[in-house]
Structure formats: C-alpha cells, structure tokens
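Asker: Respectively, the protein sequence lines represent chains A and B.
All residue numbers for the first sequence refer to numbering that gives the first Met the number 0, where the first residue is 0 and numbers rise by one.
All residue numbers for the second sequence refer to numbering that gives the first Met the number 0, where the first residue is 0 and numbers rise by one.
Be a bit skeptical, because a hint or two may be false.
[As the list claims (entries may be wrong)] Straight-line C-alpha distance at most 35 Å; calculated DSBU-like pairs for lysine-lysine: (1) B:K282 <-> A:K238; (2) B:K238 <-> B:K141; (3) B:K144 <-> A:K192; (4) A:K144 <-> B:K151.
Derived by calculation from the structure, the hints in this document are not laboratory data.
Number of protein chains: 2
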Amino acid sequence: MAVGFVGIGAMGEPMARCLLRGGYRVFACAHRNRERLERILAEGAVEAGTPAEVATHSSAVITCVPDAPQVEEAIFGPHGLLAGAATPLSFIDMSTISPLATRGIARRLIERGHRFIDAPVSGGPVRAAQGNLTIMVGAQAKDFKALVPILKTMGTPTHVGPVGMGETVKLTNQILIANIMLANAEALSFARKSGADSETVRAVLATATGANYLLEEWLPKTWFANDFAGGFALDLLRKDLSAALEAARAMNLPMPASAFAYQLYTAQSAKGDGADDYSAVAKLYDQFV
Amino acid sequence: MAVGFVGIGAMGEPMARCLLRGGYRVFACAHRNRERLERILAEGAVEAGTPAEVATHSSAVITCVPDAPQVEEAIFGPHGLLAGAATPLSFIDMSTISPLATRGIARRLIERGHRFIDAPVSGGPVRAAQGNLTIMVGAQAKDFKALVPILKTMGTPTHVGPVGMGETVKLTNQILIANIMLANAEALSFARKSGADSETVRAVLATATGANYLLEEWLPKTWFANDFAGGFALDLLRKDLSAALEAARAMNLPMPASAFAYQLYTAQSAKGDGADDYSAVAKLYDQFV
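This is chain A alone, in the form it adopts within the complex (with noise of 0.2 Å):
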C-alpha cells in the first residue's frame, strides 16, 4: 500500500522513516528542507513533484506541517493533494492546528466524498524516530479502524472522539506542556539563585511531588547541557497555545495560566529565541540568577 507525505521537517522524516520501516511504499515531495527529502529517498521513498502528484499514487495521505495555513495549501492549494486524489481518498493530517479549522477542512473533504481524521503526536524528533509517539487521534470509528495500521508504524495511536478530538487533546498536552516547562524554568532558577546544585535538585524533586516528564527527559538535554538547538521550537509553542487560546475563545473558556504563559514565551521570542528549543524560557531568568 502506497501511503504520501507532505511536510518531511523535523518530526516528518522519522515518522516518514517508519512508514518505510513498516513495509509502506512512501511518495513525498520536497519541503523546505531538500536534505531531508534526500535522505527519505535514499531509503526507498519515491519522489512527487507536488502534493497533486503524491496524490496521483497514495491511497492514504499524511499532512505533517506547521499550521493550519499550510494544511490548507497542502490539501486545497493549485497543486495540493485534492487536485490529484481520486475518490475516496483518506487524508491523515498530524500537524497540530486548532481543532476549529480541523473541523472546516474535515467537512469540505467528507462533502467531496473522502475520508479524514486528525492524529496529532507527542513525544519530539527522538521518539518519532523510535517509532513510539504519542498519537491522538479524532476519526469516525470505521476510519479509525482503517488507518490504524498505518499510524502503529509511528507510535501508540489512541481514538479519543470524533474528528478535531485529536487535535484538542493535543493543545490540551501543549497548554500542559507551556505551563509545565515554565514551571520547571522558575522553579530550577530559584533553587539555582538559592545556591542548591541544579543536578542534586533535578534528581531529589524526580522522586516528589513535582515530578514531570519534561524535568526528568527534556531538559537534561537542553537547559542542563545549555544546549537549545533543535527540541521543540519555541514558536512552535507559541502558534499552539495561540491555536489553544483561540479555541478556548470560541468556549468562552478564561485560561488564565496559559495566556500569562504565552505572553513570557512571547518576550522571549521577541529576544530572538523564537527557534531554539521552547525550554529557552528558562533564560528569561538567568539575567536575575
């Protein structure tokens, strides 16, 4: 079975390399980043000219891209995947966007005669390549059953509701997430400005109550190795809270915690960090430490 991609960055080259792994004939076109592509074609990947043309010969295709926008020119754009696909085609986008737009892109698709579902991931560039990403995944039940197969190849999928679910349970990580590292960044910087041994406190606080994944196996590689090239950018962070905000907007829902949090990403942003690691945060403090 022939399955396409659109969007081999960061994230989309493992997942891509597992799809090869499990046995997938895979058809990709070029993203931003030509090397990646390569590397996908060196591993048996046969290369499209455009998102028409991976169409042309997928019978399910993967959206993996930065935000709603480029889904929206991946799928609907003069050479997107709509114009090559053959009916019934089933559409997998695994970007993180907000589950409103989700749900419009959804319904044009299903009024076409295709399939969708939303199956956002959690875990970084490290798990997808060891195949074991978290995936979210809002579908009908048959097409959950269908695509199933296709996701395993990538991590653990769990059906959580009906299309745009995914996507909410994935802000719903991310509001975690933003809230979480910046808790981490507070708190560290305080036990540092106190003269504790950051090592010795990461260490003691992973077997209290404050134990969290992103201080036991996030920032040992980044703030710990002052080390916030590559992880997960801190814009990136940014456009899903802002996709969090939103949605939470539309419910009349206050978020109070997140909103304060986006605006400290926000500065830090603005001080040029925009495409380290989102635990680049934690240098808001270090002018204080």
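Position chain B against the provided structure of chain A, taking the given hints into account.
Answerer: Below, chain B alone, put in the same frame as chain A:
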C-alpha cells in the same frame, strides 16, 4: 534510642509510626488532634506533657508543624523543647518553612551547643504511611551522617546542602506543584469544555510530554474522584508559596508564574476551599465548564 516528636498531624502521625516500626522509642505530646496522638500511644509511643518534657527523654527531637511561628514556639516557647534539652540535643525540623527562618533558628540552637538539620518531606500522607517519603536534608555532613538512620525509617533522605538547603529544595518542589496543579486544572478544563472524556485524556497524556506525577497519581484521588477532603490543604500550599516568594524577594528574583498562581489559589481559598486539597483550584474553572 529515644526520638521526640512534636506535631502529630496528618503527616506527623504516619511518620511517628515509621519511627516506632524502625525500633525507636517515641515520645510525643498532644497536637491539635488528640485522636492522632491516642492512636500513636496505642502503638507504643509515650506521652509527654509538653515539648520540654519530650526533650528531656529524647536524644533527637523532630518538629513537624505548619509554619515558622509554630517551629519557634515548639523550640523556644516557655514549655518548648529547648527548656528540657540536655546539651547537645539534635533538632530535626521536618516542617516546610522559609529557609531564612530555618537559618535563624539553626544559628540560635548551634550557639547553645545543639545540632540542627532541616529535613522537609514530599509525598503526602499516603507515602508517609508507606515510609516512602522524599526527604530533602540541609545539614553539616557529620550531622547528616549521625541522623540519617532516623530519617531512613520514614523514606529516602538526600543531603542537598548546608542548613536551610533542605527547605530551599522543598520550596522548589512547592513552586513546581503549585504551577503544575494549575496547569493540569486549566488543561483538563479545556479538554472537558471541548467535550473530551477526561479519563481518556488523562490516560493518553500520561504517555505524552505533558506527563506529570500530579496528573497520574494525585488527581485520580481528588479531582477525578470529586473528593477534595484530605490530601494537601490549599492554604498550606499558599503558605509554602508565600515562603518561596518571600525568599525570592530577598534574592531579587522575579517569579512571575508563581506570583500569578498564588493569586488564583488565594481566589479559591477566599471562596471557602482553603482546607480542601489544593487541587480544588480546578473549581475556578468549573463555573465555566
């Protein structure tokens, strides 16, 4: 060896039980809750009329009370531990208080020829009962070595630095839990308002980057069970946050997220939930969900 215990409260009761299980003779005096003392006496502890009398019988004394004024009273009050202490006596303060207060108390005791270590704990009553607390110890190396067998009956002690550093690391944990609990409350409210099934969301996020101890171990017993009795009182968390903000102020360190969180916990306390578990802060969102 005889160990004195002042503060047989929600934490002190199971901690004193650990000492008895560990083979220590335990001397204790009445706290606010007479029933807790009675249970400990029935298991072999010996009642003393005052902290002074506790000290007379003990070669090490533990204080585990709500805040610095209560530690002051228990040690330096007219019937306090110091009044009955033979020199040298080992003081172990397991309360969570400001490290500034800790260092002042330690200085006054050491001047008088006594020993002092701070050894606050994390884990809550359930882990206290299991003898499985995280214990963060600020001490001189020789005092840590001398007193670690006592602490080991209650959990896992780690020597994190000189006197006061135990409190610093404990407050670091409290900064984390205050912000992480709020993050969980806001994120889960977002998911619920969006129509997601809370239990499904919890299970999926336990494998995602937002995974945290409070979501996995604490909220199932409180917010998910709609049972906010017991646990860790919201007003005690406010007291800890206040101590952390005071210590930060003394160091000229801004803590914007924690200062903001403090205001939200205060709002919920003002609604009458100060004695409930601090996860009751989630009720701030309930009115909108």
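Asker: Could you run down the list of hints and mark each one as holding or not?
Answerer: Checked hints:
Distance hint between B:K282 and A:K238 is fulfilled; the C-alpha atoms sit about 28 Å from each other, no more than 35 Å. Taking the CA atoms of B:K238 and B:K141, the gap is about 31 Å. The hint holds against a cut of 35 Å. Annotation: proposed proximity of B:K144 to A:K192 holds, straight-line Cα distance about 27 Å (limit 35 Å). Distance check on the hinted pair: A:K144 and B:K151 sit about 52 Å apart at the alpha-carbon level, beyond 35 Å; violated.
Violated hints amount to a single one, hint 4; each of the other numbered hints is respected by the structure.
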